[in-house]
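As they're listed, the protein sequences go chains A and B. The working numbering applies: residue 130 is where the first sequence begins, and numbers increase by one. The working numbering applies: residue 3 is where the second sequence begins, and numbers increase by one.
Hints may be right or wrong, so weigh each one.
Below, computed lysine-lysine pairings styled on DSS-like, alpha-carbon distance capped at 25 Å [said to hold, decoys possible]:
1) B:LYS56 / B:LYS71
2) A:LYS521 / B:LYS56
3) A:LYS233 / A:LYS181
4) B:LYS31 / A:LYS521
5) B:LYS71 / B:LYS31
6) B:LYS72 / B:LYS5
7) B:LYS71 / B:LYS5
8) B:LYS31 / B:LYS56
9) A:LYS233 / B:LYS5
10) B:LYS71 / A:LYS513
11) B:LYS137 / A:LYS373
12) A:LYS513 / A:LYS501
13) B:LYS56 / A:LYS513
14) B:LYS5 / B:LYS31
15) B:LYS72 / B:LYS56
It is worth saying that the hints were derived from the structure and are not from the lab. Quick caveat, the model's predicted, so the values are computed rather than measured.
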Amino acid sequence: MAETAAPKTRQDSLQDVVARYPEVPRLIIVKTDAQRRGVFYTEAALGILDEKLHQVTGTHIFGARDGQHEARPESLLLRDGTSIITTPTPLEENPYTVDLIDGKLWLTDAGAPVEEVDYWPAPDFYALTSSSGIPMKNIASARPQRLNIFPYRYCTFWNNGNGCTFCDIVCQLKKGKEELQIPARLNPVEVGEVVGEALREPGRFSAVFLTSGSITSGREPFDDEVDYYIEILGEVGKHFKSNKYPSQMIGTAFNERQLQRLYDETGLMSYTADIEVLNEDLFNRHCPGKAEWIGYREWKRRLVAAVDIFGPGRVNTGIVAGIELAQPHGFRSEDEALERVLEEAEDLASQGVGTVFIVWSPRPDTPLGNQKNASLDYYIRLAKGLHELRVKYRLPIGYDDYRHCGNHPDSDLSRLLPY
Amino acid sequence: MTKLSAAILQLLDQPATTRLVATTDEFGKPYAVTSPFLHAGEGGHLVHLELLEKSATNRNLLRSLWFDKKVSVTLVAADGSSFVIPGRPVKALISGPVFRGYYQQVRARLGDADLATVWLIEPEETVNETYAVRKLEEEERFPFSVHLDRLLVPRVNR
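Pulled out of the complex, with its shape left as it was, chain B reads as follows (with noise of 0.2 Å):
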């Protein structure tokens, strides 16, 4: 498990954050949907509440927990920065002190509304994947891939 670095964990901090949960199902067919709860769990998992027992969602990270397969979270941040971290499921909470908090959480921001399970993911990596940092190593790593016309001495107009 890899530990979520300081500029992760403000950015989870943040309500302005959008986050999302992508796995994949038995076939290898990717899904991806937003975590609005998602943060930073006490022993450094990632946390993603999910609200529906039958949702793809939780039938992939049972998958995923079951047939150890990974599964990935993108965060994006009001300025456009965002970072994807793949990692695994370790953990499905149904019961107990920690779902009853979750469960309290979820109900006093939605209302009537369940949760079915409060899912643990381990955080394999971090890749900042902010397209001004993605370009620049880009560019630096592969110089063959740019297309010319960006090179070109500007012209001068007469």
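Bound-form chain A, shown alone (with noise of 0.2 Å):
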């Protein structure tokens, strides 16, 4: 059943928060309102979407807050270089308009133009058709600087119901691959050859990252997920000179055995396993496959354990910023929310291990589909908060920051430190 009750959130403009908070650059607050209310395009801006020139949404392993399938721009830079990762969002939700002024995209807000933006460039590969006949874009994606590979559509989580409460992985999974084509299990030979064709555009890369569902079986409990990862990761290895190479991978909790395997077997550079809620009793409500499986405290046990297997600073956690406030269960205030959000952070970061957040998204096919998400002002307390526990506990973002994946407001602010 969905949850309705609504929190206590401020209801801020975005004037308001940019003048609240003149140490944030304003883009940031720009990018971060628009994740979280969502764009919708003109016809005008879709007039220009060229799918030689601009990438089109390609094989989403999450869906739009629209529901729909369509060819839409995949998402938007701004003029720092930062990305604004979000999905096309139905009028009545009031989200930003993307509008074509005097021949050139802005992001508008009830008519009035609040920054210029451009349309995520194609990748040379997305032209191309594999040697199985599969379009490459429905094999791997790109982000600005980033190769995505998304190997397993599914998440056996999803088998008895325990899927998490925000996620439409599977619904998704469906859509594409009854509208899309786009196979559940890539074969990690084909993968291969597809990353080497795209690694070919210079300049265009500076990451390889991989993530999929969870895996469960095995003979321990997600060994087949990391023996799948390591197949994976062995195809793209071998377009690579160096044993490592700079890449993210978001995978389940996986124990120090397979996070040793993962990074002696593969040139995985840092470890990224979501946490999702940094609240124990949220987390079992949010995330039940996860609770069932693995457990809160193991679940950070476990990230502590990758930083010595993959190093400081290449160990972190995402949170989906937001559900920490669904009602009925989640905390009654964004005040109380934040502080407790960042004291598990901060235990987090103590022990080497950072925190980043992406703003939650409500998706329609989702159990929290129907519920708002946090205020700007929460988000923008949010981002300066983890990116403060960064730099005091020294931990560098690289290998997650506005280059590499640009969903996090928090490391595009880290984009300032030397480290």
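Need the complex rebuilt from these two chains, each delivered in its own frame; the hints are there to steer you.
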């Protein structure tokens, strides 16, 4: 059953928040608000979308806020090189509008221009087809500087209905399979072929990124997931002359043996296991599969153990910021949520594990789909808080920054750090 | 944005021209570096290619873009004439065909090098800092600034 009661949130305008936090770049506040509210593309804006030049929606592992599957802009770039990673959102939800003004794309709000934006450029390999006849863009996808591989588009936590409450991966898999002919499980050799082709484009990619749904099976739970990642990364690694190459994987929280295998047997340089929400009770409610198979405390313990294997500043966790306020079980105020989340993030940071957040986009095909995310003020305070922890504990975030991900307002703030 | 003059455009076309970009950090500490690839872009911007992501200049340029602070570009010609161009970084390109073109240029010239950011700097004015020009201006506008020994009638040795 859907949870509906709204938490106490501030209702400030963009201008209010910009004025309140002069130490936070306006562009990052704009980005955060656009991710929070979503965007709507006008016909004029869609009219200049060109698949040969721009990235259109491709191999999404997660769905759009308006539930539609159409060729639309993948995302947007701001003039500081930061990405706005968001999805088309129905007008009744009050999104920003992307419109064409004097031949240029602008993010607008209530008809007023806010910031000039660009569509993400299309990589060369999007025009190609793999040797088995699959469009390469259905095997790998791109961000402005990152090559994405989503090798397995199912999550076995859903086998007994224990998928995360904010996640639409399985619903999206069905849509992708039927409407886009995206394979649910990629062939590692074919992934290697596509990666090899993608890397031929000069100056395009500075990291390889890998993520999929959890696979609980194996001799020990998740051994099959680890084996599959190793197989994929093995094919990817054949293209590099060095043993290690800039890369990130978001996986399940693996045990030490599995982590050591990933480090020793692949070129992987960083490791992320998303805890999703930094509170044990809320984790149990919103991530029942993760709670069933690993548990909150063990998830955190494994993150800390990963630091010994991948090194300090090479391990982090992600949270879907805003679900901690989802009612009726969430925190009752943003102040309380912020205090509790940052307290737990500091505990991890003090042990070498960074935390990044994404702005929760309630998606229609999820149990939380009819709730609202948090206020802009909350997200800016959270970004500042996580950035300040990174400074306090001197945790580099180069593997998950604006170039290598672009989805975390907190790591955008860390661009000014000398490490 | 001011339009770059023909003289400046010509200077930017000369390989022998020395190019400097000066920025400031969060405490106002100045930091000037050579910018060997600096040139005029198609939109009238100055284009600075920053090769290193975590360099002080890259971070200072970003800070200037974020918080609307000025930077300064200096051009010194082979004949000693020089110009200072204050401006504002307005765009950072990290992807796309323009970035790719510059990336290939950098590697063609330097070998195994990388490119972090293509910075577009909007020029605000051009100041001619060539000594001979500035000297004349100064003597005309500030006649009390000169040392008197320069004004003496030359002595004739007998």
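Hints, one by one, checked against the model:
With a C-alpha separation of about 19 Å, the suggested pair LYS56 of chain B and LYS71 of chain B falls inside the 25 Å cut-off, and the hint holds. For a cut-off of 25 Å, the pair hint linking LYS521 of chain A to LYS56 of chain B stands: about 19 Å separates their Cα positions. Restraint check for LYS233 of chain A and LYS181 of chain A: satisfied, since their Cα atoms lie roughly 18 Å apart, inside the 25 Å limit. The suggested pairing of LYS31 of chain B with LYS521 of chain A holds, with an alpha-carbon distance near 23 Å, which does not exceed 25 Å.
The straight-line distance between the Cα atoms of LYS71 of chain B and LYS31 of chain B is roughly 13 Å, inside the 25 Å bound, and the hint therefore holds. For the hint pairing LYS72 of chain B with LYS5 of chain B, the CA-to-CA distance comes to about 17 Å; that is within 25 Å, so the pair holds. Taking the CA atoms of LYS71 of chain B and LYS5 of chain B, the gap is about 20 Å. The hint holds against a cut of 25 Å. Proposed proximity of LYS31 of chain B and LYS56 of chain B is supported: the alpha carbons are some 17 Å apart, at most 25 Å.
Annotation: proposed proximity of LYS233 of chain A to LYS5 of chain B holds, straight-line Cα distance about 21 Å (limit 25 Å). For the hint linking LYS71 of chain B to LYS513 of chain A, the alpha-carbon distance of about 21 Å falls within 25 Å, and the restraint holds. For the given pair, LYS137 of chain B sits about 58 Å from LYS373 of chain A by alpha-carbon distance, which is inconsistent with the 25 Å threshold. Distance restraint check for LYS513 of chain A and LYS501 of chain A: the Cα-Cα separation of roughly 22 Å lies within the 25 Å cut-off, and the hinted pair is therefore satisfied.
The suggested pairing of LYS56 of chain B with LYS513 of chain A holds, with an alpha-carbon distance near 20 Å, which does not exceed 25 Å. Restraint check for LYS5 of chain B and LYS31 of chain B: not satisfied, since their Cα atoms lie roughly 29 Å apart, outside the 25 Å limit. Under the criterion of a C-alpha separation no larger than 25 Å, the hint pairing LYS72 of chain B with LYS56 of chain B is consistent with the structure, at around 20 Å.
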